[in-house]
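Sequence lines, in order, name chains C and G. Using this note's numbering, read the first sequence as starting at 809 and increasing by one per residue. Using this note's numbering, read the second sequence as starting at 809 and increasing by one per residue.
Hints are computed from structural coordinates only; laboratory data are not their basis. Please note that the accuracy of each hint is not assured.
The list makes no distinction among identical chains, and a pair is therefore deemed to hold if it is satisfied within one copy or across any two copies.
Lysine-lysine pairs mimicking BS3-like chemistry, simulated, CA-CA at most 30 Å apart [stated by the list, open to error]:
1. Lys1172 with Lys810
2. Lys971 with Lys1168
3. Lys810 with Lys958
4. Lys840 with Lys810
5. Lys894 with Lys1009
6. Lys1172 with Lys1082
7. Lys971 with Lys1003
8. Lys810 with Lys1195
9. Lys894 with Lys1176
10. Lys918 with Lys1195
11. Lys958 with Lys1168
12. Lys810 with Lys1003
13. Lys894 with Lys971
14. Lys1195 with Lys1003
15. Lys958 with Lys1195
16. Lys840 with Lys1172
This one's a predicted model, so the numbers in the text were calculated from it and none came from an experiment.
Number of protein chains: 2
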Amino acid sequence: MKTIGILGGGQLGKMTCHAAADWHWPVHILDKSRDFPAAPYATHFVEGDFRRSEDVLAFGRSVDVLTIEIESVNTEALHQLVAEGKEVYPQPHVIDLIKDKGTQKEFLAKHELATSPFELCDQSRLISLQEKLRDFDLLETSPPAEVQEKVANGEWTFPFVQKARTGGYDGRGVHIVRSEKDLENLLPGPCLIEKMADIDKELAVVVARDANGQIRAFPCVEMVFHPTANLLEYQLCPARINGDTQDRATDLAIRTAEAFGIVGLLAVELFLNKDGSIWVNEVAPRPHNSGHHTIEACVTSQYQQLLRILTGLPMGDTDMRHPSAMANVLGAEGHTGPTHYDGLDGVMGSPAVFMHLYGKTTTKPFRKMGHLTALGDTLEQAEERVKAARDSLRVITR
Amino acid sequence: MKTIGILGGGQLGKMTCHAAADWHWPVHILDKSRDFPAAPYATHFVEGDFRRSEDVLAFGRSVDVLTIEIESVNTEALHQLVAEGKEVYPQPHVIDLIKDKGTQKEFLAKHELATSPFELCDQSRLISLQEKLRDFDLLETSPPAEVQEKVANGEWTFPFVQKARTGGYDGRGVHIVRSEKDLENLLPGPCLIEKMADIDKELAVVVARDANGQIRAFPCVEMVFHPTANLLEYQLCPARINGDTQDRATDLAIRTAEAFGIVGLLAVELFLNKDGSIWVNEVAPRPHNSGHHTIEACVTSQYQQLLRILTGLPMGDTDMRHPSAMANVLGAEGHTGPTHYDGLDGVMGSPAVFMHLYGKTTTKPFRKMGHLTALGDTLEQAEERVKAARDSLRVITR
């Protein structure tokens, strides 16, 4: 059995280990602390930093095939491992393209994959100055200043979205600019600005592509956001869209995975605009929050699908088994410290609710601490169930 | 979170750890070797012998609630732990009653739970002699001699079944006596003999009972045996029986669990006789082979149900999600040594087949090395799928 190595020991790594446990397949994890979610379930846990070249090289050389559960890994080391003959999926150049939202957007545009109109800010100047000076303090204009300038001269009008090119996740690194006031707290650093979509629904499709170029897409999901907070309320599968929209969403996601030539999983977040057009919002080259429900709701989970790709086994059927609704379990507001779960009885008393806790030892407001997947005979039933279960569980400190 | 301790680190312990991983719930395992199936997935593994009083006492004192995955544990230590205030489920006196097939049968008969007519061989003499002499060598007649005598004097006629009172599992410890010839190789040691059922089908119902006396039964399964070898071919859920039979089987299983007053799982193996009557064959106070399919085929798995009982959480819905067929993966004949799986591609290429490998490092003929659960839109489809998958997988040595 090929030993699988995963860079990152968070919940996505944990759930991949969990899928591998069915097969008793060896999975090694590299991350900073044995307190992290994946540690108890990896067959071997290596303490180290996936951002450090030496750590990634040593770890990569100790396994047969390497993957990631987070994009912010040291890809230089991954390129070197590929040069040494190691199998690394997704491929390092794909991770590079995607982890920088600027190059990701340029890639989408270049391949005529529908996405919102955008512009990179300060990219050219930054790069040329960096090359010449190697000293950021000498930069005369910052990317935010460039954004402000573009608004001042009428190139961009409100509302639009500013995104940090790197380091953003879970809503971080995204800033919505609706007015002059929002120009005052622009994100620092290299960024892109993009036209705000006129959103009817947010959708997502996780696509799996193996080393032979075979593709399997998971059913399209609908993400329902809180009306005021920029937070996922819950996620529904199947999405409440017609067959044509579903086909177009799936087709766009598949074409995106094919364009990248990714081997592994590509989670494609989509905007369904009010005019019926669909845009790629952004992509992630790994298991994704929008695929959590696949554990119970689909024949093959996204985690097992990734394992099948990594081990060279045939991909599995992605059909939906039951309608489902998935809600993240977030740390309660006002609570930062050692984790305590309040209301487990209520969750476990809800019919057909599957609780996943990630074992994070400390909680903080809105931190992802787990998720709940509810199944139903109908989507409405699943939705009611997940809402009831979510409302009965609170992650607090005592 | 209450720390759960399990005596035994085989596949049943492994799958219980696996269920607990969803909740990130701490599970400690006591067994002899870190090579055993549960070891990589327990949050803590203690090397020791669950047959040794000191080991069980030390382990039991280190956890909050204790359970078993095998009956042959040191129950004296468990009684002592209960006396010290430890929660032990199933209760030690229930394990005692069940682990001796003689007292188990007597219990069934005493509680008017239908079972085959039987007789214990040499029990009275054994016990009285043991009390007096503490020396087995002084026993004048062995239980097998007593069996032979009962046949000679016409008390018992062929065919009948001889069962060792302790230590039997997976078909071991059961001897079918069809003729004089079979009398020559009777099992040694204390035994019981029972009337052979006139079997139409073999059924099983796993019953869960919590500390409040609440009961949830899993759907009745049908076990299909190989026509010549005494081996489970595969197992089907739902069983191919009518509603009345199903109700009577479930009712008998529930009454059995209630009679024992067990807290935990009771797997009740049943004979459906050709005259329509149902007998309890035997029971096991733990997760059971006949509940493997519940992982994918039911809303709550038998493993998660046990965890809910151990942690005091409400029991879950046991409804069937899809028809299923389950086949054990057995070591191939003629192969003893380091395990190698041949034909994984075939298994993973079968639609809706879920592979479970237990990670046993050495294989031998007919050893349980894993199991396969297939789901189908119909039972027939599930059956075809599991047969195809099973036939493509071989556990061999290279």
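Cross-check of the supplied hints:
1. Lys1172 with Lys810: between (38 Å within a copy, 23 Å between copies)
2. Lys971 with Lys1168: Answer is within: at 28 Å inside a copy they meet the 30 Å cutoff, but 50 Å across does not.
3. Lys810 with Lys958: Answer is neither; intra-copy 52 Å and inter-copy 58 Å both fail.
4. Lys840 with Lys810: both (24 Å within a copy, 27 Å between copies)
5. Lys894 with Lys1009: Neither: 41 Å inside a chain and 53 Å across chains, both beyond 30 Å.
6. Lys1172 with Lys1082: Answer is neither; intra-copy 36 Å and inter-copy 63 Å both fail.
7. Lys971 with Lys1003: For lysine 971 and lysine 1003, the Cα distance is within 30 Å only inside one copy (11 Å; across copies 77 Å).
8. Lys810 with Lys1195: between (41 Å within a copy, 27 Å between copies)
9. Lys894 with Lys1176: neither (33 Å within a copy, 35 Å between copies)
10. Lys918 with Lys1195: neither (41 Å within a copy, 49 Å between copies)
11. Lys958 with Lys1168: neither (43 Å within a copy, 65 Å between copies)
12. Lys810 with Lys1003: Answer is neither: 45 Å inside a copy and 51 Å across each miss the 30 Å cutoff.
13. Lys894 with Lys971: neither (34 Å within a copy, 56 Å between copies)
14. Lys1195 with Lys1003: Result: close neither inside a copy nor across copies, 32 Å intra and 55 Å inter.
15. Lys958 with Lys1195: neither (43 Å within a copy, 66 Å between copies)
16. Lys840 with Lys1172: Answer is within; shortest intra-copy Cα gap is 19 Å, inter-copy 40 Å.
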